[in-house]
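S.K.: Residue strings, one per chain:
There are 2 protein chains.
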Amino acid sequence: MTTSILSLNDIFEARKRIDKYVHRTPVFSSNNLNDIFGSAIFFKCENFQKVGAFKYRGACNAVFSLKNEDAKNGVATHSSGNHAAALALAAKIRGISAHVVMPETSPETKKRAVFSYGAKITYCEPTLLARETTLQEVVNETGARFIHPFDNEKIIAGQGTATVEFLEEKPDLDILIAPIGGGGLMSGTAIAAKGIKKNIEVIGTEPKMADDAFKSFKSGILVPSVNPQTIADGLLTSQSELTFSIIKKNVDDIVTVDEKSIVEAMRLVWERMKIIIEPSSAVPLAALLEKKIQVKNKKVGIIISGGNVDLSRNYF
Amino acid sequence: MTTSILSLNDIFEARKRIDKYVHRTPVFSSNNLNDIFGSAIFFKCENFQKVGAFKYRGACNAVFSLKNEDAKNGVATHSSGNHAAALALAAKIRGISAHVVMPETSPETKKRAVFSYGAKITYCEPTLLARETTLQEVVNETGARFIHPFDNEKIIAGQGTATVEFLEEKPDLDILIAPIGGGGLMSGTAIAAKGIKKNIEVIGTEPKMADDAFKSFKSGILVPSVNPQTIADGLLTSQSELTFSIIKKNVDDIVTVDEKSIVEAMRLVWERMKIIIEPSSAVPLAALLEKKIQVKNKKVGIIISGGNVDLSRNYF
Chain A
2 MTTSILSLND IFEARKRIDK YVHRTPVFSS NNLNDIFGSA IFFKCENFQK
52 VGAFKYRGAC NAVFSLKNED AKNGVATHSS GNHAAALALA AKIRGISAHV
102 VMPETSPETK KRAVFSYGAK ITYCEPTLLA RETTLQEVVN ETGARFIHPF
152 DNEKIIAGQG TATVEFLEEK PDLDILIAPI GGGGLMSGTA IAAKGIKKNI
202 EVIGTEPKMA DDAFKSFKSG ILVPSVNPQT IADGLLTSQS ELTFSIIKKN
252 VDDIVTVDEK SIVEAMRLVW ERMKIIIEPS SAVPLAALLE KKIQVKNKKV
302 GIIISGGNVD LSRNYF
Chain G
2 MTTSILSLND IFEARKRIDK YVHRTPVFSS NNLNDIFGSA IFFKCENFQK
52 VGAFKYRGAC NAVFSLKNED AKNGVATHSS GNHAAALALA AKIRGISAHV
102 VMPETSPETK KRAVFSYGAK ITYCEPTLLA RETTLQEVVN ETGARFIHPF
152 DNEKIIAGQG TATVEFLEEK PDLDILIAPI GGGGLMSGTA IAAKGIKKNI
202 EVIGTEPKMA DDAFKSFKSG ILVPSVNPQT IADGLLTSQS ELTFSIIKKN
252 VDDIVTVDEK SIVEAMRLVW ERMKIIIEPS SAVPLAALLE KKIQVKNKKV
302 GIIISGGNVD LSRNYF
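Residue numbers (this note's numbering), protein chains in the order written: chain A, 2 to 317; chain G, 2 to 317.
One chain only, chain A, in its complex shape (with noise of 0.2 Å):
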């Protein structure tokens, strides 16, 4: 069993590192929303940070703790998603290369964000393996360093900045709710939220279509995703060794829930709040809309992971 010894000081010197490099995002409320649900709600927006998403902070953070010897030849990583558009820009910022190994199927706007940013993409066939084997042959050529989206110290405390800024503005918060996907961002979130207030309820939301940190939670056995399909394609990663110990460890509770009440609680923050999330920005304010979790006359925190969404795709 992998057990980590990450703790809120870690996080601490994260935020010193990347303090001026990432957006200090808004923390935005909507009277609208608090009606509907009886309680005070307050979103940290991510959705404003560079590359859109909180990835940002973890990927700048793994990038400035390495030394110059390390960095040298650059960092490495495979995703399609906003990981490797955000390694690839704190690398660009740190003057470091970034290579970034895609599925040749991935959509042209990711393949154009990753390149916008300087990264140089090698494409593989749309399987794991042949990402793996890819990235193993480009690391082997380059000699840069692998940046793993979330199973990576450096990663995990760099998430957790976002909490340490949203407890500073908010300290009354009683619950804070995040999506897990990889565990990346719950992981940070949890050792961030505990450290500073030991007593707030800690709470992980997952669709039930990709439900392997649920059933993980609830059977004490880290169990993967097997095919997961869901809207929320931030969520559809297994958790690690590291992640799921340390969420075993800092989260109250992980609740699932539905498709349908994934794009209704998306609908009701575009259309309220007038913010563009992404599908897995929703899970939490989906688990409020089924009723998952109590937050009657109490003060709630959500992290608002990311807002990149297809814009031709219909959702609604």
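Hints listed in this document are in silico derivations from the structure and should not be mistaken for laboratory results. Any given hint could turn out to be false.
Claimed, not checked - Calculated cross-link-like contacts (lysine to aspartate or glutamate; reagent style DMTMM-like; alpha-carbon spacing at most 20 Å):
no.: 1; chain 1: G; residue 1: 93; chain 2: A; residue 2: 36
no.: 2; chain 1: A; residue 1: 199; chain 2: A; residue 2: 253
no.: 3; chain 1: G; residue 1: 300; chain 2: G; residue 2: 259
no.: 4; chain 1: G; residue 1: 111; chain 2: A; residue 2: 265
no.: 5; chain 1: A; residue 1: 111; chain 2: G; residue 2: 265
no.: 6; chain 1: A; residue 1: 219; chain 2: A; residue 2: 254
no.: 7; chain 1: A; residue 1: 219; chain 2: A; residue 2: 259
no.: 8; chain 1: A; residue 1: 199; chain 2: A; residue 2: 175
no.: 9; chain 1: A; residue 1: 93; chain 2: G; residue 2: 36
no.: 10; chain 1: A; residue 1: 292; chain 2: A; residue 2: 202
no.: 11; chain 1: A; residue 1: 209; chain 2: A; residue 2: 175
no.: 12; chain 1: G; residue 1: 209; chain 2: G; residue 2: 254
no.: 13; chain 1: G; residue 1: 249; chain 2: G; residue 2: 154
no.: 14; chain 1: A; residue 1: 250; chain 2: A; residue 2: 152
no.: 15; chain 1: A; residue 1: 112; chain 2: G; residue 2: 272
no.: 16; chain 1: G; residue 1: 293; chain 2: G; residue 2: 36
no.: 17; chain 1: G; residue 1: 219; chain 2: G; residue 2: 265
no.: 18; chain 1: G; residue 1: 111; chain 2: A; residue 2: 272
no.: 19; chain 1: G; residue 1: 293; chain 2: G; residue 2: 259
no.: 20; chain 1: G; residue 1: 250; chain 2: G; residue 2: 152
no.: 21; chain 1: G; residue 1: 112; chain 2: A; residue 2: 70
no.: 22; chain 1: G; residue 1: 111; chain 2: G; residue 2: 126
no.: 23; chain 1: A; residue 1: 111; chain 2: G; residue 2: 242
no.: 24; chain 1: G; residue 1: 68; chain 2: G; residue 2: 14
Said to hold, decoys possible - Going by beta-carbon spacing under 8 Å, a handful of chain A positions derived as facing chain G:
no.: 25; residue: 48
no.: 26; residue: 49
no.: 27; residue: 53
no.: 28; residue: 264
no.: 29; residue: 268
no.: 30; residue: 271
no.: 31; residue: 272
no.: 32; residue: 275
no.: 33; residue: 276
no.: 34; residue: 308
no.: 35; residue: 312
no.: 36; residue: 313
no.: 37; residue: 315
no.: 38; residue: 317
We put the CB at the ideal spot given by N, CA and C, even for glycine.
Using the hints provided, position chain G relative to the given structure of chain A.
M.R.: Just chain G now, with coordinates in the frame of chain A:
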């Protein structure tokens, strides 16, 4: 020729009157957009205003300016858009009734919005004549005060308060740009901007497909819109003598844009800034895309008028 004696002082008074009822909306900017245009662009986000549009400022000022004697039978308007919702909410907060005449054919979402703010709705045929006749009947029956959406000095003064806040926060603006529909926002914006900062450039923007303000401004004679067809559905209305006279005197120029640029500008804001703006609000940025306004190395203010869109529609 109508001449208005509306002055900056009226806008300051409006501000004092409505300050506790309206949101002080945030000013957003985007490095990404600044890079595209080579200027520093600031967006006053009235899409985050109550009812999702600047219209709430004017409605509040009109409603709270009424003496008790004049307010006791409520207020009335004919509108299928943001003004009706804004007037309904302002009336609700003052504790008086609001009567709204709407075409039966109005979208369900708009009917629901107006109804949810507690207005009494009277439906009519979808013609201007039917709206005016029905409104007159409602006013005769109820004794309610008719509050025109823009041909009303209290409304114009209220809309100008957005610019007072904007210039408090960004006193350095070289140019201020707003869209023109009936001209209420443009009038209030121009009086406030020129009153506070004599040398600021104030530019109006309009869809080419609804270019009555442009034609009127260039010819010096008030020209109504004839069968306007634009995606910017908040800008279909023609100016009144009142707004035309203010705009002629206080606005430096009016430029027009294509429908394609409006959609492109709207997409740019949704995609890069992660905020939802309605098509009418994208018209100023469309003018930058079409290089109709020289903004290079300048500090540019844009008023985002609102964020009420039909999410079932695929704009992109």
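S.K.: Now tell me if each hint is right for this structure.
M.R.: Going through the hints against the structure:
1. G/93 / A/36: Holds, at about 16 Å.
2. A/199 / A/253: This hinted pair holds, its Cα atoms lying about 12 Å apart.
3. G/300 / G/259: Roughly 24 Å separates the two Cα atoms, so the pair is violated.
4. G/111 / A/265: 19 Å, holds
5. A/111 / G/265: 19 Å, holds
6. A/219 / A/254: 9 Å, holds
7. A/219 / A/259: Cα-Cα ~18 Å, so holds.
8. A/199 / A/175: Judged against 20 Å, a Cα distance of about 11 Å means the pair holds.
9. A/93 / G/36: 16 Å, holds
10. A/292 / A/202: Satisfied, since the Cα-Cα distance of roughly 16 Å is no more than 20 Å.
11. A/209 / A/175: 25 Å, violated
12. G/209 / G/254: With Cα atoms ~15 Å apart, residue 209 of chain G and residue 254 of chain G stay inside 20 Å; holds.
13. G/249 / G/154: Since the Cα atoms of residue 249 of chain G and residue 154 of chain G sit roughly 16 Å apart, the hinted pair holds (cutoff 20 Å).
14. A/250 / A/152: Within the cut-off at roughly 16 Å; holds.
15. A/112 / G/272: 15 Å, holds
16. G/293 / G/36: Given that 20 Å is the threshold and the Cα spacing comes to 18 Å, the pair holds.
17. G/219 / G/265: 27 Å, violated
18. G/111 / A/272: 12 Å, holds
19. G/293 / G/259: 11 Å, holds
20. G/250 / G/152: 16 Å, holds
21. G/112 / A/70: Distance of about 64 Å is beyond 20 Å: violated.
22. G/111 / G/126: Holds - the C-alpha atoms of residue 126 of chain G and residue 111 of chain G are around 16 Å apart, at most 20 Å.
23. A/111 / G/242: Violated, because 50 Å separates the two Cα atoms, which is more than 20 Å.
24. G/68 / G/14: 15 Å, holds
25. 48: 5 Å, holds
26. 49: 6 Å, holds
27. 53: Holds - the Cβ of residue 53 of chain A comes within 8 Å of chain G, reaching about 6 Å at its closest.
28. 264: 11 Å, violated
29. 268: Holds: closest Cβ of chain G sits about 6 Å from residue 268 of chain A, inside 8 Å.
30. 271: 6 Å, holds
31. 272: 6 Å, holds
32. 275: 4 Å, holds
33. 276: Where the cut-off is 8 Å and the nearest Cβ of chain G is about 6 Å from residue 276 of chain A, the hint holds.
34. 308: Since the shortest Cβ distance to chain G is 4 Å, the answer is holds.
35. 312: 5 Å, holds
36. 313: Given a least distance of 6 Å, the restraint on residue 313 of chain A holds.
37. 315: 4 Å, holds
38. 317: 5 Å, holds
Hint violations for this structure: numbers 3, 11, 17, 21, 23, 28, all remaining hints satisfied.
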